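Q: If you read the sequences in order, they're chains C and R. Going by this note's numbering, the first residue of the first sequence is number 359, and it counts up by one from there. Going by this note's numbering, the first residue of the second sequence is number 5, and it counts up by one from there.
These aren't lab readings, by the way, just hints derived from the structure by calculation. Here the structure is a predicted model, which means the values were calculated and not measured. Please note that the accuracy of each hint is not assured.
[Claimed, not checked] Okay, derived cross-link-like pairs now, SDA-like style, lysine to any residue, Cα gap no bigger than 25 Å in a straight line:
(1) R:K417 <-> C:S563
(2) R:K482 <-> C:N545
(3) R:K369 <-> C:D514
(4) C:K523 <-> R:D372
(5) C:K561 <-> R:Q415
(6) R:K374 <-> C:I526
(7) R:K452 <-> C:L377
(8) R:K482 <-> C:P426
(9) R:K312 <-> R:T161
(10) C:K464 <-> R:P381
(11) C:K364 <-> R:C475
(12) C:K561 <-> R:N333
(13) R:K369 <-> C:Q513
(14) C:K523 <-> R:G477
(15) R:K482 <-> C:L421
(16) C:K561 <-> R:F420
(17) C:K364 <-> R:I474
(18) R:K482 <-> C:F641
(19) R:K417 <-> C:P426
(20) C:K516 <-> R:P381
(21) C:K433 <-> R:G477
(22) R:K374 <-> C:D514
(23) C:K516 <-> R:I434
(24) C:K420 <-> R:T7
(25) R:K452 <-> C:K561
(26) C:K523 <-> R:I474
(27) C:K464 <-> R:E441
(28) C:K523 <-> R:I426
(29) C:K464 <-> R:D372
(30) C:K523 <-> R:N333
(31) C:K516 <-> R:G378
(32) R:K452 <-> C:R385
(33) R:K482 <-> R:I464
(34) C:K420 <-> R:I470
(35) R:K374 <-> C:R470
(36) R:K452 <-> C:I526
(37) R:K374 <-> C:N834
(38) C:K523 <-> R:S446
(39) R:K482 <-> C:S551
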Amino acid sequence: MIESYKPIFVLLTSFLAPLFIIFSSNRPNLRESFSILASVLKFLLVLNISFYVFKGHIVYLKLVEIFPNVALEFKIDEIGIIFALVSSFLWIFTTLYSIGYMRGLKEEHQTRYFCFFALAMFSTLGVAFAGNLLTLYMFYELLSLSTYPLVVHHQDEKARISGRKYLIYILGTSIGLVLPAMIICYNLTGTLSFEPSGILNNKVSLFMANVLLLMFVFGFAKSAIMPLHAWLPAAMVAPTPVSALLHAVAVVKVGVFSIIRIFTGIFGIKLLAQLNSTHIITFFAAFTIITASLIAMSQDELKRRLAFSTISQLSYIILGISMLSPKAIAGGILHIIMHAFGKITLFFCAGSIMVGAGKKYISEMDGLGRYMPYTMGLFFLGSLSIIGLPPMGGFISKWYLLLGAVKIKSLVLMAVILLSSFLNCVYFLPIAYNAFFKAPKEDFSYVKENYLCVIPALIAVIGSLVLFFYPDPFLNLIFEFLSKIKG
Amino acid sequence: METLYPALTVITPLIFAFVVGIVSWINKKICFWLALLSLIVAFISSLKILFYITTTSSIVQYKLGGWPPPIGIEYRIDWLNGLILPIISFVALLNLIASKRFMEKEFKEKESFFYILYLLFTTGLLGVVITGDLFNLYVLLEITSLTAYSMIAMGGTGRSYLASLNYLFLGVIGASFYLLGVGYVYIKTGSLNMVDVFRILPHIYNSETVLVGFIFCMVGVWIKMGLFPLHTWLPNAYTFSPISVSRIIAPLMTKVMIYVMIRVMFSVFGRWYVLGRLYGVNEFVVLLASCAIIVGGILALSQRDIRKVLCYIIVSEIGYMVGGAWLGNPNGLIGAILHILNDMLMTFCLFLAFGNVFYTRKKTKIEDLKGLFGEMPYTSAGLVLVGLSIIGIPPTCGFFSKWYLILGALQAKDHFFAVSLILSSLINVILFFRFFEVGLFSKASYKKEAPVSMIVPLFIVSLMLIVVGICSGSIVNKIINEFVLVALG
Chain C
359 MIESYKPIFV
369 LLTSFLAPLF
379 IIFSSNRPNL
389 RESFSILASV
399 LKFLLVLNIS
409 FYVFKGHIVY
419 LKLVEIFPNV
429 ALEFKIDEIG
439 IIFALVSSFL
449 WIFTTLYSIG
459 YMRGLKEEHQ
469 TRYFCFFALA
479 MFSTLGVAFA
489 GNLLTLYMFY
499 ELLSLSTYPL
509 VVHHQDEKAR
519 ISGRKYLIYI
529 LGTSIGLVLP
539 AMIICYNLTG
549 TLSFEPSGIL
559 NNKVSLFMAN
569 VLLLMFVFGF
579 AKSAIMPLHA
589 WLPAAMVAPT
599 PVSALLHAVA
609 VVKVGVFSII
619 RIFTGIFGIK
629 LLAQLNSTHI
639 ITFFAAFTII
649 TASLIAMSQD
659 ELKRRLAFST
669 ISQLSYIILG
679 ISMLSPKAIA
689 GGILHIIMHA
699 FGKITLFFCA
709 GSIMVGAGKK
719 YISEMDGLGR
729 YMPYTMGLFF
739 LGSLSIIGLP
749 PMGGFISKWY
759 LLLGAVKIKS
769 LVLMAVILLS
779 SFLNCVYFLP
789 IAYNAFFKAP
799 KEDFSYVKEN
809 YLCVIPALIA
819 VIGSLVLFFY
829 PDPFLNLIFE
839 FLSKIKG
Chain R
5 METLYPALTV
15 ITPLIFAFVV
25 GIVSWINKKI
35 CFWLALLSLI
45 VAFISSLKIL
55 FYITTTSSIV
65 QYKLGGWPPP
75 IGIEYRIDWL
85 NGLILPIISF
95 VALLNLIASK
105 RFMEKEFKEK
115 ESFFYILYLL
125 FTTGLLGVVI
135 TGDLFNLYVL
145 LEITSLTAYS
155 MIAMGGTGRS
165 YLASLNYLFL
175 GVIGASFYLL
185 GVGYVYIKTG
195 SLNMVDVFRI
205 LPHIYNSETV
215 LVGFIFCMVG
225 VWIKMGLFPL
235 HTWLPNAYTF
245 SPISVSRIIA
255 PLMTKVMIYV
265 MIRVMFSVFG
275 RWYVLGRLYG
285 VNEFVVLLAS
295 CAIIVGGILA
305 LSQRDIRKVL
315 CYIIVSEIGY
325 MVGGAWLGNP
335 NGLIGAILHI
345 LNDMLMTFCL
355 FLAFGNVFYT
365 RKKTKIEDLK
375 GLFGEMPYTS
385 AGLVLVGLSI
395 IGIPPTCGFF
405 SKWYLILGAL
415 QAKDHFFAVS
425 LILSSLINVI
435 LFFRFFEVGL
445 FSKASYKKEA
455 PVSMIVPLFI
465 VSLMLIVVGI
475 CSGSIVNKII
485 NEFVLVALG
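Based on the sequences and whatever the hints tell you, model everything.
A: Written as structure tokens, this is what we have:
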């Protein structure tokens, strides 16, 4: 364990950024350079911390004691740093992309947009670094609140309804389920910190543990597990960069990340193996994977299709950890990274189409490939990663998930994973195919690709490729983490 | 402690109330500054007392007029009232600053009357909290109430007279109940000093007279604080009074009555009486408190006038504190006391924020908040913060007291109370996001923020919400725990 103030600096970069952004709100170029500066600085600081973690240390910082034995504290371990690295890395490119997108569509209230984006990243990293459940909960709530203004950015009737849905699902579950579960936990154990072997072991009856687990899993509704998924498609009214980073990477991954923390840090694998509710969660996750894929096929609006695909992919992660075999957990955690890179590519492309051609619906995109070759090409590569085909990163995580399913000898789960991959093909590949090989329905000669939108997508694709060929650093970290929680 | 600070805290606003009255004949301009000065003195001396208590961890006693208790009146400050005194004077001070512009504009002639009443009201509140004498408490309570009635009537409309009269009737009934209760206790013990009564009572715990005395005291206090179903005077009284008046009565009056309740329960009758002799009663009171929380929330949802919404939020919050105190375990009591502190700040911040809105817009319906976020960004920021605090989002202070309350409810196996606390959070989400939605989803027509003298207090208080939240660990550890240890053993 290394005590260090660096986590504070990481958080401060994006916490203080809004001050500078507001200060320079009348000079867009200066304002955006502050955003870029903050994101780059943040990534470098996270990278700096990651060196300690790669060397096998845990970075630790305790701020103030809030309740007896529960402090506001940060503890950066292997999976924390993975999540932090991925989200802060992708923030840089989302910022670049945001500039292209927001200016390209001449959106209003850009200052507010960049402010809350920075605050959302502040909260995301807070969740990644949180050393106990209370700290995690705090940043989880802050994230819900800082993304609300982004979801309702357009301030029209549709945004209002979506905003309501967003709040009811996210705040309703976190206050209604997670908060009481957390207090019950504290009442039973007197602590809330994440321990490698869990804190609830031997301190709680099996019935209570089952109930608590379900309360936690469904309480963290950001993971969009069915039936608590409806907020995610609704949240697609937000500007596309928000959907890209927050609703494919930060927010939803915070949901599954919290669930991973609950599984590994609060319950512990040993206790979970005795619980029946893990099977319930496995069932819900498997159900979500298939159902969301089926719904995705019927969606004509590109962003909504992507949203349902996200719902389905998030449940892979939950499925992975609820299988409780090391390979499957590794696959689940790895999927956080792989899906992040894959899905952000797709959203970047969707936004690029919106800026370049003004098209939202898939049926209108026939023949667009000739006019937006880079965008559609990258879209194709991104969908390969989500489907889980080599040479893209998505293959690796699905491979591990499959290995995990083989390990616990569950034919059903193997079938679910393979069937879902097939469904992914069905709803993703025709988009790129039609764009390139079908004749355009209308005149697309006005279409122009915006390079600020294409380059971030390209980088995300390169990221996916690199992760396919070179996933070892992350894999090592994950297995290091798993060896600890196995005891 | 042989100092004058306890006396200074109460006497300064009292004397200055008269000074302001005399000076107002000569020069009206300086009334405000005199009132300000006296409240600053009261604030500093109450802080000094708190500082003394925490550093030396001993109780401050002050014999009024040099008479030894139990014959004379004793000011007795321990961790509980040591914590509450500075907050009362702090809120009074900030509200005075925020009220200056409003008073100049709305009450040109009566400005000095307002300052006199305001100082007397503050004196009364500080006195109620500081005193160690049951009868003296009644006297100061009546000073507070009488000034409150007249300040509410300053609203000047027919409805404010009616609300004031209604409050007067119920307030007098409540005070009489309390006085009767004190009388019964006095008959049996022959003493009015709290410490003295606490010492004598265990010998006569089985006396019916003492039981009746306790019940009268409690009912009186409940009427005064507006515990459901005795809350009917509250919404109108706070709604139809001038902003500057409701802004100080709403945060302080009910919370001070909760202090009185806790004081009478644990420092006069003692835990053996309240939780032992009256075993079973506490469950009933907690049930009542849970009903207050839920009914307050539902009534708040059904209102269209913002001021009424705020009033019913207060009704609901009263349930938090009464329930916490009657749970009868350390965590519940810690939660109740911490919530007194938090709720004073939250309610004050809430009324400050909406005070700014009412001042600039002269309208009080929810739909009148249209375009608020674009038009009054600073006020809205304060409003959002206090909303989050009342909902109970960490790190704002409301979360932490709610945590202790729920923990206490779980430990007492009072699940209904725990559920109603969670439910209240959810209701508050709806309440506040309804405000935010109206404020956010319509274009601002013109830019007009409230004056600086109103923004600055709001800014300070909303910052306090976070600071108190983050420091709540040490507040509980160093101050509240000490009292709870004494009270619950």
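Q: Now tell me, hint by hint, if it's right for this structure.
A: Structure-based check of each hint:
Straight-line distance between C-alpha atoms of K417 (chain R) and S563 (chain C) comes to about 16 Å, which keeps the hinted pair within the 25 Å bound. For the suggested pair K482 (chain R) and N545 (chain C), the alpha carbons sit about 22 Å apart, so the restraint of at most 25 Å is met. For a cut-off of 25 Å, the pair hint linking K369 (chain R) to D514 (chain C) stands: about 22 Å separates their Cα positions. Restraint check for K523 (chain C) and D372 (chain R): the C-alpha separation of about 24 Å stays at or below 25 Å, so the hint holds.
This hinted pair checks out: K561 (chain C) and Q415 (chain R) have alpha carbons roughly 15 Å apart, not beyond 25 Å. Pair hint K374 (chain R) plus I526 (chain C) holds up; C-alpha atoms about 22 Å apart against a cutoff of 25 Å. Distance check on the hinted pair: K452 (chain R) and L377 (chain C) sit about 22 Å apart at the alpha-carbon level, within 25 Å; holds. A threshold of 25 Å between alpha carbons decides the hint, and for K482 (chain R) with P426 (chain C) the separation of about 12 Å falls inside it, so the pair holds.
With a C-alpha separation of about 17 Å, the suggested pair K312 (chain R) and T161 (chain R) falls inside the 25 Å cut-off, and the hint holds. Among the hinted pairs, K464 (chain C) with P381 (chain R) is consistent with the structure: their alpha-carbon atoms are about 23 Å apart, no more than 25 Å. This hinted pair checks out: K364 (chain C) and C475 (chain R) have alpha carbons roughly 22 Å apart, not beyond 25 Å. For the hint pairing K561 (chain C) with N333 (chain R), the CA-to-CA distance comes to about 22 Å; that is within 25 Å, so the pair holds.
A hinted pair counts as satisfied when its Cα atoms are at most 25 Å apart, and K369 (chain R) with Q513 (chain C) qualifies at roughly 21 Å. Between the alpha carbons of K523 (chain C) and G477 (chain R) the distance comes to roughly 35 Å, so the proposed pair goes past 25 Å and is violated. A hinted pair counts as satisfied when its Cα atoms are at most 25 Å apart, and K482 (chain R) with L421 (chain C) qualifies at roughly 18 Å. Taken as a hint, the K561 (chain C) and F420 (chain R) pair is honoured in the structure, with Cα atoms around 24 Å apart against an allowance of 25 Å.
Between K364 (chain C) and I474 (chain R) the alpha-carbon distance is near 20 Å, which keeps this suggested pair within the 25 Å criterion. For the suggested pair K482 (chain R) and F641 (chain C), the alpha carbons sit about 49 Å apart, so the restraint of at most 25 Å is broken. For the given pair, K417 (chain R) sits about 21 Å from P426 (chain C) by alpha-carbon distance, which is consistent with the 25 Å threshold. A distance of roughly 24 Å separates the Cα atoms of K516 (chain C) and P381 (chain R); the hinted pair therefore holds under the 25 Å criterion.
Using a Cα cut-off of 25 Å, the hinted pair K433 (chain C) and G477 (chain R) holds, with the two alpha carbons roughly 20 Å apart. At roughly 14 Å between alpha-carbon atoms, K374 (chain R) and D514 (chain C) fall within 25 Å of each other, so this suggested pair holds. About 18 Å separates the Cα atoms of K516 (chain C) and I434 (chain R), which keeps this hinted pair within 25 Å; it holds. Annotation: proposed proximity of K420 (chain C) to T7 (chain R) is violated, straight-line Cα distance about 40 Å (limit 25 Å).
About 58 Å separates the Cα atoms of K452 (chain R) and K561 (chain C), which puts this hinted pair outside 25 Å; it is violated. As the CA atoms of K523 (chain C) and I474 (chain R) are separated by approximately 30 Å, the hinted pair breaks the 25 Å bound. Distance check on the hinted pair: K464 (chain C) and E441 (chain R) sit about 24 Å apart at the alpha-carbon level, within 25 Å; holds. Between K523 (chain C) and I426 (chain R) the alpha-carbon distance is near 19 Å, which keeps this suggested pair within the 25 Å criterion.
With a C-alpha separation of about 30 Å, the suggested pairing of K464 (chain C) with D372 (chain R) is violated against the 25 Å cut-off. Pair hint K523 (chain C) plus N333 (chain R) does not hold up; C-alpha atoms about 39 Å apart against a cutoff of 25 Å. As the CA atoms of K516 (chain C) and G378 (chain R) are separated by approximately 20 Å, the hinted pair is consistent with the 25 Å bound. Proximity of K452 (chain R) to R385 (chain C) is assessed by CA-CA distance (about 23 Å); at most 25 Å being required, the pair is judged to hold.
For the proposed pair K482 (chain R) and I464 (chain R), the alpha carbon gap of about 24 Å is at most 25 Å, so the pair holds. Taking the CA atoms of K420 (chain C) and I470 (chain R), the gap is about 18 Å. The hint holds against a cut of 25 Å. Annotation: proposed proximity of K374 (chain R) to R470 (chain C) holds, straight-line Cα distance about 18 Å (limit 25 Å). Between K452 (chain R) and I526 (chain C) the CA atoms are separated by roughly 32 Å; this puts the pair beyond 25 Å, and the hint is violated.
In summary, the hint linking K374 (chain R) to N834 (chain C) is not supported, as the alpha carbons are separated by about 54 Å, beyond the 25 Å threshold. With a CA separation close to 19 Å, the supplied pair K523 (chain C) and S446 (chain R) stays within the 25 Å bound. At most 25 Å may separate the alpha-carbon atoms for a hinted pair to count; K482 (chain R) and S551 (chain C) meet this at roughly 24 Å.
Against the hints set out earlier in the document, violations occur for numbers 14, 18, 24, 25, 26, 29, 30, 36 and 37.
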